[in-house]
Amino acid sequence: MAKQTKSAVNLVNFGRSESATLLRVEDLKLYFRTTKGVVQAVDGVSFELGRRRSATVLGESGCGKTTLARAILRLLPRNVHTFSGKIVLDGVDLMPMNDEWFRKEIRWRKISFVPQAAMNALNPVLRVGHQIAEPLVVHHGVSQDAAFKRAVEAAKLVGLPEDFLSRYAFELSGGMRQRAIIAMALLTNPELIILDEPTSALDVLTQANIMNTLKKIKREFEMSYILITHDIATSSELADEVIVMYAGHIVEHSPAARFFKAPLHPYAQKLMASVPTLREDKELEFIPGQPPSLLNPPKGCRFAPRCPKRFERCAEEPPLFSLDGVSVVKCWLFAR
Amino acid sequence: MQQNGVLLSAKDLHTWYELRKFGFIHAGYVRALDGVSFDLRYGEALTIVGESGSGKTTLLKTVLGLAPPTKGTLVFAGQPVTAKNLSWLRRHVGYVQQDPYGALPPFMNVRRILLEPMLINKVGQPAEREARIREVLEEVRLLPVEDFLLKFPHMLSGGQQQRLVIARAMVLRPQLIVADEPVSMLDASVRVEILDLMRRVQRAHNLGVIYITHDLSTVRYFSERVFIMYAAKVVEKADVREIVRNHLHPYTRALLAAIPDPDHENALHFKEVPPGEPPSLVRPPEGCRFHPRCVHKIPGLCEREVPPEFEPVPGHFVACWLYR
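Here the protein sequences line up with chains G and S, keeping their order.
For the first sequence, counting from 1, position 229 maps to 231 in my numbering; every step adds exactly one.
For the second sequence, counting from 1, position 51 maps to 113 in my numbering; every step adds exactly one.
Hints were generated in silico from the structure; no laboratory data involved.
For every residue, glycine included, the Cβ atom is placed at its ideal position computed from N, Cα and C.
A couple of the hints might just be wrong.
Distance ranges between label pairs, derived from CB positions [unchecked claim]:
| # | chain 1 | residue 1 | chain 2 | residue 2 | range |
| --- | --- | --- | --- | --- | --- |
| 1 | S | 338 | G | 202 | 15 to 25 Å |
| 2 | S | 190 | G | 295 | 51 to 61 Å |
| 3 | S | 365 | G | 283 | 34 to 44 Å |
| 4 | S | 365 | G | 271 | 43 to 53 Å |
| 5 | G | 37 | S | 83 | 46 to 56 Å |
Heads up, incomplete: computed chain S residues facing chain G, CB under 10 Å, no partners named [what the hints assert, rightly or not]:
| # | residue |
| --- | --- |
| 6 | 141 |
| 7 | 192 |
| 8 | 253 |
| 9 | 354 |
| 10 | 358 |
Work out the full structure, taking the sequences as your base and the hints as a guide.
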């Protein structure tokens, strides 16, 4: 049944090129103007994401991970101070595009978004089915009825029973609402889905269920994900690679297999040591101090004031060092 | 202070919320808490784990006297709790809320926030109150105290706000602290710090603590005894290590299986999750409440009879017919 559904959803396809890299972000900067000064929320971030890969962006609140997602989707507030760098999707630089073109051709068509607190993202006065169908109507000019039919298929795929589609958002449980949003993100058959904390407000069993659904979709549709989260244990369910952000910078980008065994950057190591585990006994650690203010970030390595391994060189800002050709670390310990 | 006496004793607590149609026609009850009994000794930490809607917050509200029990009794420090002695109860029970920012009045500074409970309960003389404020701030490590006294909640980080909430719960020198998911809104790196702090405070003052959470993985860093709740009932009671090693109830098993540890292996296979969702508490299923989702259901028994508590291992109680 899944196969059948897949071919139906595939009707909307726009010749995908087959290079290995799907998304390349180069020196992305997004600064905001505030009454206190300029907040450097994302400060020179570069990474690449392959096709059919999922990357997890990990970090604490205020490290710029949600801003990174919003920058890629160009969902920007009004007080933008600087927005520069390159975002290349399928070999096409998205930065020179005007906003209208980006809205029509990229957002939802190629990159869709599952927002934070997706539970509250549904419109309370629309039936869930119509809402799921909306991206097709808006972006592909499909008629309401045809779009609704496809919404039914997408809903089946994420495990949302058909009769739920004629209900309103308040009649659905948190997990079901989350499924509706994921169905909506899938419907236009995008190449990349950005998920911002997709399970943080859900119960453990519901969370496991949603993660199963996301895994299944990734396998069947060969989709790429960027998963933004602060929940390290849950992120391991979906990650092929892990990107760790700290104070607006990427400090480590490693394959998941390496990261969950032995992270490289001192911050990532501390972060992993602070995760409580159910099955093994370990002494938990916490990171003393607080992340720096992004209004006026310190010179040099931004983690240095809290870092147990700092030395003289940390007064200078470390570049990204690559290790074994698979990992990238922003730390002087890996200088050669 | 008694060392081994019972601080809080709940017997067959039921808290039902009435449902009304058009505001006055009786339309049934939400059985948010349906027959829970336990004893908490002085200085004991107890964790209650459950999903949303399992009744854990209602249990907490009942203990705080915010939701009067429909049936059953609550005895605190040897005295039954009634509608008349709630102010006495609340003076001896501290409450740590889930969302620290929402729990702190934004227009009061730290000093005022900590002074307020003492003013309301008419505790101490002005000089003594100031001394207590300093004492609790030192205890929760908001140091140096002078820097914090005049700050407002928005000037504090999430971890500092939660420490202030703990300080406020401590300022009346309670015997019992009730904490509702105290770390769920905090970043991973701060969580451990707050759990450590609560543990330290609990030991230093020999406090009874009821810690409510949905996150089983933090439990072992906090308490020894765990209750697992499902659909308004406690299904399993045991030591935390025992629960992890030798969980008996099928629901506990499913819950534990769903909790990931950070490991890349997780990405390679699917998790087993019981089908369906927790039942409605207006008309809960007959018999065992987990039976519609249970893979080990005994036909003819589980859907008819409510399982009593069995004790297959000493000190380990489980409400499941598999262990009769």
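- Status of the given 43 to 53 Å range, CB of residue 271 of chain G versus CB of residue 365 of chain S: The hint (43 to 53 Å, Cβ to Cβ) holds, given that residue 365 of chain S and residue 271 of chain G are roughly 51 Å apart.
- Minimum Cβ distance from residue 253 of chain S to chain G below 10 Å? holds (7 Å)
- Message: Just to be careful: measuring from the Cβ of residue 141 of chain S to every Cβ in chain G, is the smallest value less than 10 Å?
- Response: violated (36 Å)
- Grab the minimum C-beta distance from residue 192 of chain S to chain G and call the hint holds if it beats 10 Å, violated otherwise. Since the shortest Cβ distance to chain G is 28 Å, the answer is violated.
- Query: Is the hinted range of 15 to 25 Å satisfied by the C-beta distance from residue 338 of chain S to residue 202 of chain G?
  - Reply: holds (23 Å)
- Task: With 34 to 44 Å as the target window, see if residue 365 of chain S and residue 283 of chain G comply at their CB atoms.
- Result: 39 Å Cβ-Cβ, so the 34 to 44 Å window holds.
- Item | Minimum beta-carbon distance criterion (10 Å), residue 358 of chain S to chain G | Hint on residue 358 of chain S: violated, closest Cβ of chain G at ~17 Å, above 10 Å.
- Okay, residue 37 of chain G versus residue 83 of chain S on CB: inside 46 to 56 Å? Given range 46 to 56 Å: holds, Cβ gap about 50 Å.
- Do the beta carbons of residue 190 of chain S and residue 295 of chain G sit within 51 to 61 Å of each other? violated (38 Å)
- Does the nearest C-beta of chain G fall within a distance shorter than 10 Å of the C-beta of residue 354 of chain S? violated (14 Å)
Checked against the numbered hints above, the structure violates hints 2, 6, 7, 9, 10; every other hint is satisfied.
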